[in-house]
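Protein chains: 2
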Amino acid sequence: MTNSTHTEHNLPAAVPGGPLAGLVVIDMATMMAGPHTAMMLADFGATVIKVESPAGDTSRASPNKVNGTSVYWRLLGRNKFAVTINLKHPKGRDLMLRLIEKADVLIENMRPGKLEALGLAPATLHERNRGLVILRVTGWGQTGPYANRPTFGTQAEAMSGFTYANGQPGGPPTLPPQTIADGAAGYLGAFSCMAALWRRAQDPLHRGQVIDLSLFEALFCMFGPSITAYDQLGIVPERRGSRAPVSAPRNIYQCRDGKWVAISCAADQIAKRFFALIGRPDLNEDARFSSGDARARHVEELDVIIAAWMSKHDAADVVTLLTDGGATAAPVYTIPDILADPQFISRDLIAQAPSEDVGPIRMQNAFPKFSESAGGVSWSGRPLGADNHLWFVEMLGLDPEQLAALHAEGAI
Amino acid sequence: MTNSTHTEHNLPAAVPGGPLAGLVVIDMATMMAGPHTAMMLADFGATVIKVESPAGDTSRASPNKVNGTSVYWRLLGRNKFAVTINLKHPKGRDLMLRLIEKADVLIENMRPGKLEALGLAPATLHERNRGLVILRVTGWGQTGPYANRPTFGTQAEAMSGFTYANGQPGGPPTLPPQTIADGAAGYLGAFSCMAALWRRAQDPLHRGQVIDLSLFEALFCMFGPSITAYDQLGIVPERRGSRAPVSAPRNIYQCRDGKWVAISCAADQIAKRFFALIGRPDLNEDARFSSGDARARHVEELDVIIAAWMSKHDAADVVTLLTDGGATAAPVYTIPDILADPQFISRDLIAQAPSEDVGPIRMQNAFPKFSESAGGVSWSGRPLGADNHLWFVEMLGLDPEQLAALHAEGAI
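Chains as they are written, first to last, in this note's numbering: chain A, 1 to 412; chain B, 413 to 824.
You may find that some hints are simply not true.
As the list claims (entries may be wrong) - Under the rule of at most 20 Å between Cα atoms (straight-line distance), these lysine to aspartate or glutamate pairs were calculated in the DMTMM-like manner:
| # | chain 1 | residue 1 | chain 2 | residue 2 |
| --- | --- | --- | --- | --- |
| 1 | B | K671 | A | E238 |
| 2 | B | K514 | B | D799 |
| 3 | B | K477 | A | D257 |
| 4 | B | K477 | A | E101 |
| 5 | A | K91 | A | D324 |
| 6 | B | K503 | B | E821 |
| 7 | B | K671 | B | D729 |
| 8 | A | K272 | A | D293 |
| 9 | A | K259 | A | D317 |
| 10 | B | K684 | B | E697 |
| 11 | A | K102 | A | D387 |
| 12 | A | K312 | A | D257 |
| 13 | B | K514 | B | E539 |
| 14 | A | K312 | A | D324 |
| 15 | B | K500 | B | E513 |
| 16 | B | K503 | B | D799 |
| 17 | A | K65 | B | D680 |
| 18 | A | K259 | B | D615 |
| 19 | B | K477 | A | D399 |
| 20 | A | K259 | A | D314 |
| 21 | B | K514 | B | E806 |
| 22 | A | K65 | B | E650 |
| 23 | A | K65 | B | E539 |
| 24 | A | K114 | B | E697 |
| 25 | B | K526 | A | D324 |
As the list claims (entries may be wrong) - A few chain B positions that, by computed beta-carbon distances, are all more than 12 Å from chain A:
| # | residue |
| --- | --- |
| 26 | A426 |
| 27 | R486 |
| 28 | E528 |
| 29 | L530 |
| 30 | I592 |
| 31 | A608 |
| 32 | I717 |
| 33 | D726 |
| 34 | L734 |
| 35 | I762 |
| 36 | Q814 |
| 37 | H819 |
Rather than coming from a laboratory, the hints here were simulated on the basis of the structure. Treat the numbers as computed from the prediction; the structure is a model and nothing was measured. In this text, a Cβ means the ideal position worked out from N, Cα and C, and glycines have one as well.
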């Protein structure tokens with residue numbers, strides 16, 4: 001907690017053995033990058049208080065509901081404490097400020113200016129708690145001509161260059177089937193909070209700061225050197241299906257059983273092994289295929305040869321043959337395949353997260369794996385206001401009558 | 413530096429004003445997740461020493477070269493100091509251990525067991541420096557039946573569920589056009605190093621630990637609640653082009669000028685605004701389109717109406733009309749569009765990174781933005797061994813004759 005040295009943590013936390021024990025986070029953000037950042041911090045031991053309006057976070061009402069509550073909340077609310085505060089009510093705002101006095105990090109995703117309109121401008125928050133790290137998540141950032149544009153991940157994905165280059169040659173540009181902008185921003189937000197806390201730990205005045213995180217920038221900066229390749233070499237990425245512009249073979253092929261296998265040969269020696277394993281060592285002597293550049297130039301002929309071979313074998317046999325032989329191959333998996341895969345079972349990819357209404361719920365586990373202080377999943381997203389008593393009475397010291405009055409007044 | 417309190421940093425760093433000033437990182441990883449993590453740390457003020465074999469990092473020789481050096485190295489090597497060590501040479505190994513005594517973080521991406529085979533097992537490293545955080549990056553993790561499979565991001569992407577669901581209905585599964593597995597692991601690696609350092613700061617014994625980061629897990633866990641939706645509701649994501657399974661309209665439409673625009677209407681009021689803005693307020697009264705569920709059921713009819721409207725307008729006009737009216741729309745951009753966009757210019761999306769051979773090189777800037785201790789880009793990837801003298805003579809205290817001898821012996 002603020003101004004402590006974090007040498008003791010008399011704090012409730014979902015995953016007390018995690019590396020972030022002692023860190024206190026308030027998550028007032030909604031779908032989905034901000035809550036994803038807060039989930040990362042909670043997964044690894046932080047005490048995370050999810051502050052929702054009395055109407056509940058939008059993610060509870062998102063599509064794909066289980067017993068009335070969306071799978072989004074089941075996941076994104078995991079390992080968090082659930083409290084309600086009406087920030088538009090003066091007593092709600094006061095309660096929020098008292099909570100903020102206890103916190104190291106605040107995560108919000110309102111449109112620029114809306115936090116200020118609630119009387120919770122960063123300067124106000126820093127008056128109460130100079131150590132607070134404030135992560136502000138928006139589509140385009142706090143500044144610039146698009147700052148106030150309503151945005152979802154779709155818009156960031158469309159403008160990032162990814163969508164233009166995603167799809168088959170001759171086909172339309174294609175949005176990604178997963179929310180990669182929100183996911184990237186979730187990860188980058190978690191890193192940037194920790195970076196600001198590193199800075200604070202070295203500051204004799206123990207000062208926090210404001211982090212301005214945009215979905216677009218988080219996604220765009222995750223990609224490799226596209227800008228540099230364009231700047232220096234004039235390369236504009238075009239749609240090429242599953243082929244790669246600079247190495248071959250790299251594609252997806254359909255096998256005899258209808259399943260698909262992905263191949264890549266980023267290194268020459270892997271291509272050599274691959275040709276030998278499919279019974280075509282002669283290709284290694286063929287000038288069309290004996291170097292990466294040559295293979296990329298003759299990719300159409302090469303893919304015809306490989307596709308013909310694949311069509312005569314089942315996918316599982318292809319993957320075994322190639323991976324055992326030191327080439328790179330992978331099946332194209334869907335969710336049930338992932339759940340059944342021995343590697344992922346061995347790594348505990350899937351957690352069983354308890355819920356209060358529908359029993360354990362399966363979801364991805366906490367990764368990566370730490371040798372000495374593991375992350376984990378102790379519960380899925382909790383019922384609305386489930387932890388009001390814990391935080392407002394036991395932690396902040398209100399008496400139960402005050403709590404009841406706040407509730408009656410619509411402040412929580 | 414280890415065992416210091418980080419209250420002073422008499423350390424060279426590319427971005428000394430960044431939040432991670434005082435952090436010392438050794439990057440001995442190759443393409444591309446591990447170096448991406450190290451780049452994040454360097455961008456925000458850490459002192460990052462890139463240790464390459466005397467033959468040079470593989471990313472230098474990757475495709476898309478500028479003056480003989482790949483754009484990958486130009487980007488991934490930025491803000492790092494470049495030194496060479498032959499880890500197979502006993503004197504090289506000794507030099508590495510001396511460097512490790514000064515470090516907070518080591519990043520490596522060898523196949524499981526290879527670091528141990530070099531005599532650099534984590535236990536050995538921790539004997540020299542108990543505070544060291546060791547980030548180990550692999551395709552599948554350090555354990556399990558696939559631990560030793562050669563892997564690139566392509567394989568992780570194929571098995572993550574993303575590729576299966578990516579593409580047009582009736583078309584093949586499609587690999588992503590960007591290296592999203594490496595990017596996700598780069599971000600997650602940076603977060604997890606900082607989490608381990610938070611833990612270390614609270615440990616009276618100042619102990620580091622080992623982090624086992626897999627490309628697959630980093631990518632898979634970035635996505636939303638796919639596992640939960642399957643577990644609870646039996647939903648298996650299928651290819652549906654740019655449509656979303658649970659909201660409509662959400663798609664990409666071609667405009668009169670041939671350019672594409674992405675639309676999403678995750679909230680009802682946004683759909684209402686959208687229909688009014690395209691001159692069809694009547695659709696808001698139409699039972700087929702008046703709720704999210706209804707729109708999703710009648711998406712084919714809806715997309716015909718929208719596509720017809722889009723084909724009569726130019727993309728820029730569509731985006732202006734819709735975003736000014738409070739709906740969500742975005743152009744599908746490619747790299748030159750991104751470089752010319754006023755929002756991205758306003759946010760300084762692109763940095764000009766100095767190089768020693770070809771002048772400034774454009775690349776993505778350091779994000780997110782910190783209010784008090786900004787990240788930045790001071791140089792692009794440096795020449796091989798450019799900083800051997802700085803680190804081995806000035807920082808470790810070898811005399812120049814020793815350096816010359818190490819070079820002559822093939823140890824650096």
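Verification of the hints:
{"no.": "1", "hint": "K671/B - E238/A", "verdict": "holds, 14 Å"}
{"no.": "2", "hint": "K514/B - D799/B", "verdict": "holds, 16 Å"}
{"no.": "3", "hint": "K477/B - D257/A", "verdict": "violated, 41 Å"}
{"no.": "4", "hint": "K477/B - E101/A", "verdict": "violated, 52 Å"}
{"no.": "5", "hint": "K91/A - D324/A", "verdict": "violated, 65 Å"}
{"no.": "6", "hint": "K503/B - E821/B", "verdict": "holds, 9 Å"}
{"no.": "7", "hint": "K671/B - D729/B", "verdict": "holds, 11 Å"}
{"no.": "8", "hint": "K272/A - D293/A", "verdict": "holds, 14 Å"}
{"no.": "9", "hint": "K259/A - D317/A", "verdict": "holds, 11 Å"}
{"no.": "10", "hint": "K684/B - E697/B", "verdict": "holds, 10 Å"}
{"no.": "11", "hint": "K102/A - D387/A", "verdict": "holds, 16 Å"}
{"no.": "12", "hint": "K312/A - D257/A", "verdict": "holds, 9 Å"}
{"no.": "13", "hint": "K514/B - E539/B", "verdict": "holds, 13 Å"}
{"no.": "14", "hint": "K312/A - D324/A", "verdict": "holds, 19 Å"}
{"no.": "15", "hint": "K500/B - E513/B", "verdict": "holds, 19 Å"}
{"no.": "16", "hint": "K503/B - D799/B", "verdict": "holds, 18 Å"}
{"no.": "17", "hint": "K65/A - D680/B", "verdict": "holds, 17 Å"}
{"no.": "18", "hint": "K259/A - D615/B", "verdict": "violated, 50 Å"}
{"no.": "19", "hint": "K477/B - D399/A", "verdict": "violated, 68 Å"}
{"no.": "20", "hint": "K259/A - D314/A", "verdict": "holds, 8 Å"}
{"no.": "21", "hint": "K514/B - E806/B", "verdict": "holds, 13 Å"}
{"no.": "22", "hint": "K65/A - E650/B", "verdict": "holds, 19 Å"}
{"no.": "23", "hint": "K65/A - E539/B", "verdict": "violated, 51 Å"}
{"no.": "24", "hint": "K114/A - E697/B", "verdict": "violated, 32 Å"}
{"no.": "25", "hint": "K526/B - D324/A", "verdict": "holds, 19 Å"}
{"no.": "26", "hint": "A426", "verdict": "holds, 15 Å"}
{"no.": "27", "hint": "R486", "verdict": "violated, 6 Å"}
{"no.": "28", "hint": "E528", "verdict": "holds, 14 Å"}
{"no.": "29", "hint": "L530", "verdict": "holds, 19 Å"}
{"no.": "30", "hint": "I592", "verdict": "violated, 6 Å"}
{"no.": "31", "hint": "A608", "verdict": "violated, 6 Å"}
{"no.": "32", "hint": "I717", "verdict": "holds, 18 Å"}
{"no.": "33", "hint": "D726", "verdict": "holds, 16 Å"}
{"no.": "34", "hint": "L734", "verdict": "violated, 10 Å"}
{"no.": "35", "hint": "I762", "verdict": "violated, 6 Å"}
{"no.": "36", "hint": "Q814", "verdict": "holds, 34 Å"}
{"no.": "37", "hint": "H819", "verdict": "holds, 28 Å"}
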